[in-house]
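Protein chains: 2
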Amino acid sequence: MEAVIRPCAAADCGEVMRLIRELAEFEKLPDQVQTSDQALREDGFASNPFYRCLVVEVPPECRSREGHTIVGYALYFFTYSTWKGRNLYLEDLYVMPEFRGKGFGKKLLGKTAEIGLENGCTQLKFAVLDWNRAAIDFYQGRGAVDLTAAEGWHCFRFEGEALERLAWGQPGP
Amino acid sequence: MEAVIRPCAAADCGEVMRLIRELAEFEKLPDQVQTSDQALREDGFASNPFYRCLVVEVPPECRSREGHTIVGYALYFFTYSTWKGRNLYLEDLYVMPEFRGKGFGKKLLGKTAEIGLENGCTQLKFAVLDWNRAAIDFYQGRGAVDLTAAEGWHCFRFEGEALERLAWGQPGP
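Chains as they are written, first to last, in numbering that gives the first Met the number 0: chain A, 0 to 172; chain B, 0 to 172.
A hint or two may mislead.
Stretch by stretch, here's where chain A covers chain B in the computed footprint (C-beta under 8 Å, at least three residues) [to be verified]:
(1) 19-33
(2) 56-64
(3) 79-91
(4) 114-123
(5) 137-151
By construction, these hints were calculated from the structure, which means they are not laboratory data. C-beta atoms are modelled at their ideal positions from N, C-alpha and C, and glycine is treated no differently.
Please build the complete structure, drawing on both the sequences and the hints.
Below, the structure is given as structure tokens:
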């Protein structure tokens, strides 16, 4: 199947939002999605964007059962390691189930890696849920290292009231 | 002790590099440090910086045994969650051992959280080594959630040859 990997345009944000919701359902955490296509447009298409995104587009004759031609995406941003310098972080990589097995995920990942290297990044980081065996096999088969298992890194987060207490100076009991 | 929390200036990069090395030694991974103060200057002080940094500066009369007045730092950058929108990621938070117990870490963390909220971020994320009990207690005591323990997120990384193979199209055997 002919498909194009291209940068997401502002006009694609509605389609990307649809895919973001599909991925969150697959990850069994659909209630956590609080973004909107409007927020995606504002945050990704300003002069200093918070993220960048690639999409997979298939020709109209190959569209999905429900009529979609944008069938996958990779959302990433530049980060920094005080040990290794410039990094790229892959927030999401997703291909619709009916378009899997065609190499689209591999192409999205490859293009993301290429953009990283072209921009002087030495690492591509991401997070995977420990029960998502298919994803772990996909990444480890290509040489990714599980830093949680290998070195003991745990992901942490402040949000909501805890974040406000940190900022406005009532740091708990 | 009077101390100032202020944005890192390009001229401070040598001092921040010294603290980065101290932290890597504490984390028992000193060989991983491949950055330099020159790279820090280039990557943090361009029009589209890869990171931002706060430092703790004490007055000359309170300087360290070896004569340093910059005694801690917090290095962070803006990231993006497709579920929650704008995020802030805290790459490093460090205070020199002889200046601990004075609230400097708490102030660095508070100022970072404040910058995040002012910029519309809803989350502050970071990673901690599982054996670093003091850090985990410090963060969890303020309401941080361990996402690896709670939801099963593992940190992964591609680098070196694996990253090049992804990008230039020889995806393994």
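Evaluation of the provided hints:
1. 19-33: holds (count 7)
2. 56-64: violated (count 0)
3. 79-91: Since 10 is at least three, the answer is holds.
4. 114-123: holds (count 5)
5. 137-151: With 12 residues close enough to chain A, the hint holds.
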